[in-house]
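Chemist: Now for the letters of each chain:
There are 4 protein chains.
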Amino acid sequence: MLRIADKTFSSRLLLGSGKFASPQLMQQAIAASGTQMVTLALKRLQLDKPQDDLLSPLKAMNIQLLPNTSGAKTAQEAIFAAELAREALQTPWLKLEIHPDPRYLMPDPIETLLAAEQLVKLGFVVLPYCSADPVLCKRLEQVGCAAVMPLGAAIGSNQGLQTRAMLEIIVEQATVPVIIDAGLGAPSHAAAAMELGAAAVLVNTAIAASADPVVMAGAFSQAVNAGRTAYKAGLATTQLHATASSPLTDFLAAL
Amino acid sequence: MLRIADKTFSSRLLLGSGKFASPQLMQQAIAASGTQMVTLALKRLQLDKPQDDLLSPLKAMNIQLLPNTSGAKTAQEAIFAAELAREALQTPWLKLEIHPDPRYLMPDPIETLLAAEQLVKLGFVVLPYCSADPVLCKRLEQVGCAAVMPLGAAIGSNQGLQTRAMLEIIVEQATVPVIIDAGLGAPSHAAAAMELGAAAVLVNTAIAASADPVVMAGAFSQAVNAGRTAYKAGLATTQLHATASSPLTDFLAAL
Amino acid sequence: MLRIADKTFSSRLLLGSGKFASPQLMQQAIAASGTQMVTLALKRLQLDKPQDDLLSPLKAMNIQLLPNTSGAKTAQEAIFAAELAREALQTPWLKLEIHPDPRYLMPDPIETLLAAEQLVKLGFVVLPYCSADPVLCKRLEQVGCAAVMPLGAAIGSNQGLQTRAMLEIIVEQATVPVIIDAGLGAPSHAAAAMELGAAAVLVNTAIAASADPVVMAGAFSQAVNAGRTAYKAGLATTQLHATASSPLTDFLAAL
Amino acid sequence: MLRIADKTFSSRLLLGSGKFASPQLMQQAIAASGTQMVTLALKRLQLDKPQDDLLSPLKAMNIQLLPNTSGAKTAQEAIFAAELAREALQTPWLKLEIHPDPRYLMPDPIETLLAAEQLVKLGFVVLPYCSADPVLCKRLEQVGCAAVMPLGAAIGSNQGLQTRAMLEIIVEQATVPVIIDAGLGAPSHAAAAMELGAAAVLVNTAIAASADPVVMAGAFSQAVNAGRTAYKAGLATTQLHATASSPLTDFLAAL
Chain A
1 MLRIADKTFS SRLLLGSGKF ASPQLMQQAI AASGTQMVTL ALKRLQLDKP
51 QDDLLSPLKA MNIQLLPNTS GAKTAQEAIF AAELAREALQ TPWLKLEIHP
101 DPRYLMPDPI ETLLAAEQLV KLGFVVLPYC SADPVLCKRL EQVGCAAVMP
151 LGAAIGSNQG LQTRAMLEII VEQATVPVII DAGLGAPSHA AAAMELGAAA
201 VLVNTAIAAS ADPVVMAGAF SQAVNAGRTA YKAGLATTQL HATASSPLTD
251 FLAAL
Chain B
1 MLRIADKTFS SRLLLGSGKF ASPQLMQQAI AASGTQMVTL ALKRLQLDKP
51 QDDLLSPLKA MNIQLLPNTS GAKTAQEAIF AAELAREALQ TPWLKLEIHP
101 DPRYLMPDPI ETLLAAEQLV KLGFVVLPYC SADPVLCKRL EQVGCAAVMP
151 LGAAIGSNQG LQTRAMLEII VEQATVPVII DAGLGAPSHA AAAMELGAAA
201 VLVNTAIAAS ADPVVMAGAF SQAVNAGRTA YKAGLATTQL HATASSPLTD
251 FLAAL
Chain C
1 MLRIADKTFS SRLLLGSGKF ASPQLMQQAI AASGTQMVTL ALKRLQLDKP
51 QDDLLSPLKA MNIQLLPNTS GAKTAQEAIF AAELAREALQ TPWLKLEIHP
101 DPRYLMPDPI ETLLAAEQLV KLGFVVLPYC SADPVLCKRL EQVGCAAVMP
151 LGAAIGSNQG LQTRAMLEII VEQATVPVII DAGLGAPSHA AAAMELGAAA
201 VLVNTAIAAS ADPVVMAGAF SQAVNAGRTA YKAGLATTQL HATASSPLTD
251 FLAAL
Chain D
1 MLRIADKTFS SRLLLGSGKF ASPQLMQQAI AASGTQMVTL ALKRLQLDKP
51 QDDLLSPLKA MNIQLLPNTS GAKTAQEAIF AAELAREALQ TPWLKLEIHP
101 DPRYLMPDPI ETLLAAEQLV KLGFVVLPYC SADPVLCKRL EQVGCAAVMP
151 LGAAIGSNQG LQTRAMLEII VEQATVPVII DAGLGAPSHA AAAMELGAAA
201 VLVNTAIAAS ADPVVMAGAF SQAVNAGRTA YKAGLATTQL HATASSPLTD
251 FLAAL
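Keeping their order, the protein sequence lines are chains A, B, C and D. UniProt numbering numbers the first residue of the first sequence as 1 and each following residue consecutively. UniProt numbering numbers the first residue of the second sequence as 1 and each following residue consecutively. UniProt numbering numbers the first residue of the third sequence as 1 and each following residue consecutively. UniProt numbering numbers the first residue of the fourth sequence as 1 and each following residue consecutively.
Calculated directly from the structure, the hints in this document are not laboratory data. Careful, some of the hints might be misleading.
Pairs involving identical chains hold if they fit within one copy or between any two copies, as the list cannot separate such chains.
Unchecked claim - For lysine-lysine, the following DSS-like pairs were computed, each having C-alpha atoms within a straight-line distance of at most 25 Å:
no., residue 1, residue 2
1, Lys138, Lys232
2, Lys59, Lys138
3, Lys73, Lys232
4, Lys7, Lys73
5, Lys7, Lys19
6, Lys73, Lys59
7, Lys19, Lys232
Predicted, not measured: the structure shown is a model, and the values here were computed from it.
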């Protein structure tokens, strides 16, 4: 079981709610994925409309909502957004995202740490999206974040574990769950993330932008389970050479 | 469904029977993997002993036995071994392996093609283990092989899809099933093989040499399903850049 | 020509001075590399000994000394060390290194930015060692750093451009020279760094720990030139397919 | 010095003569590369024209001409072409290329070995282009080839050492020079090929299709030298961890 803050989850796959063709498709993909936690951007909520069409289907499902501050460029913006999100969604859980860069949506390490520290003091359960920086992850942990969410590659790039060498160090050093977020574009990427010891992964674009999001959600679910199971069972070590095999000649000669 | 020659299989994971600590463990891993086809080396059969301990548990399971000619160094040896195997196991199915090299067990393209051609004429259902060579695979197909089994990396190396660029060409050009064999060391490798369009994978060392072969067999099974499902659903394309995201500022300003 | 702050350099290879078997070997390797800038750790200077044996040979060469703050764990320590170094070496040039982590010597993004900002105000020419974090590099540039020095892999690991995807974004966005530092273990790694657009590279372990540091220094020098030249000339694009070739049959038929 | 058959070469970079915008550009690139061996397709020779424009500039340079059988689809075609080439160019040196596949120009292992064996008997110095297949390379060596030329990636693809794991085995086992051919798209690829122990590399597209072939030829020349030098000097080993560094605190405390 994955434990984050005071909650436990049997699924180690988190989903994003963006880019789906319709709320119905999102809802079906969420169901197919077996996820128990879904992130959604505060800016996509229509706070003034009681019947907004993204939040209702999410609320109807038995999942942990994880509002995020996507679009925030500073700690101040993120904190303000966090307060709004807590009020609107009635949860202190928060995916902290601060990315001043509009092209690659790369997270800002300075503002993220600053905001994380304050949000923890304000009672939030903070899961920060961050670069695959081992010292930054350690510091986010030290200010009280409930997990860290280092990126595998640029958001929406589907390029997989481009930061693998850094992620391995982060996983080795972390004492909070490491959730690899961004860039996972195929089930094999998610399995590889779990095999290197991630506690969970977050996937959005690869599912939402697939030709069949519902089926793809199921594929990611299986891959996450496969990778986690392999990590627990212990992968066989990599070898340079084959184990010597006895020649068939001996066998044939012995007939 | 995977169709090879005149048979269909719902599982796309083939297993090897070598390197297990005991026949019991092998049997349990096979069951956990859901595989419907298991390869075993003729040279490991104790043909003169009615109660040999490798074959009996395999026969008791409802799976296709795929005897292999591991250890053969020439086409002649392989053909002789194939005849023995057909007689002993009462099946024309054959994994053709000819590897003169004892260090890496690399297959011999010349002897393999020579043997394949003759074995097809002799009525065998031939699945040749071969290097990841697109022209060789095409020729093996042309002489009547029921599938081709190009290597991902050296046998037992667990290094994954080291020959990926060649495998992609092989899959693109093949009209028989491509079964990626050798080198797959983790469920993520198996998923990646399926995502690039392999019809199936064969795994042995990574399961048998795992700390927990039974659990690992289940992990590979899931990963193969995940990769195949993703291939069928259509993976999202790789992007260099993130899709531009609307800034939170606009949202906050609109409140 | 590489321009950093108010100086120009014809060599784009920077060297570290650590791990050499002797000062003589270091001196010879520096000469063979053609470098015009060498970094040295303040902590290795023996400030109280006029005839210390690391500094003298460096001073005798016509190169820019680049003292570094290796071993500093906080901005405060680094600034104090920088002041000592400026006094001792009579240069405001500084490689800023702050790494609280003794195992991988990973740089601290927060303390590094904090120190960089203050050191710039104190008149230093600051070249910060940092993680391959695009936003951090942009911020270091904005506080006035003369260059940024993102890591390719862990210091001393010789693993090459493990952070390649992030380095490409950094190079694309930078307006100051990007000097790739740490992890470059072979001339091919240095060439690849230059081909992706780095302004320079810094190499230490791969030269100093080589069986023949002097010869290896020359090899790195050539590789840096080769990579830079290729970048300027324009690399041919990557293709999936071969260009169709005319069959020999037509030629033979025309004879 | 590189020794192939009875000749020695100080340059370890071979060039192809295809795809240059003009014979003049080809000639300048050859000169800039420092190469001593250039391959040219028999089919591009205009045997009936005394003043054909590809051969004359090549003959004017002091280099070993290496005619190739590009476009041949069978051993028979290749042998016929080889005889023509020997007659026309007055050299028994031959790059053997047999690729029935027009899309990727992948070499045929069976026909190549068949032709190689006969060509050796006919007195040719045979350098066969082949897949990165360790057993095939060993067999080509055993029938008397003067070198083997396994591919790094598809011809003209510029994708680099995609077959690296196989090339390492080939180099380890070879007793004739291994010349890595096809796919090398950047100087860093050529350096990496030399670092893993190749005796030489052959480059064509990456130079001829560059925006500045002459400058690029020089860059490849430097990279080949750098890689070879590093191989001879001995690369430092790859490490997972940094070597522990003494903290600056101790130094500062000792002041």
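Chemist: Against each hint, give a clear statement of whether it holds in the structure.
Modeler: Tested hints:
no. : hint            : in the structure
1   : Lys138 x Lys232 : within (24 Å within a copy, 40 Å between copies)
2   : Lys59 x Lys138  : neither (33 Å within a copy, 39 Å between copies)
3   : Lys73 x Lys232  : neither (39 Å within a copy, 35 Å between copies)
4   : Lys7 x Lys73    : neither (29 Å within a copy, 35 Å between copies)
5   : Lys7 x Lys19    : neither (28 Å within a copy, 41 Å between copies)
6   : Lys73 x Lys59   : neither (28 Å within a copy, 46 Å between copies)
7   : Lys19 x Lys232  : between (33 Å within a copy, 21 Å between copies)
Hint violations for this structure: numbers 2, 3, 4, 5, 6, all remaining hints satisfied.
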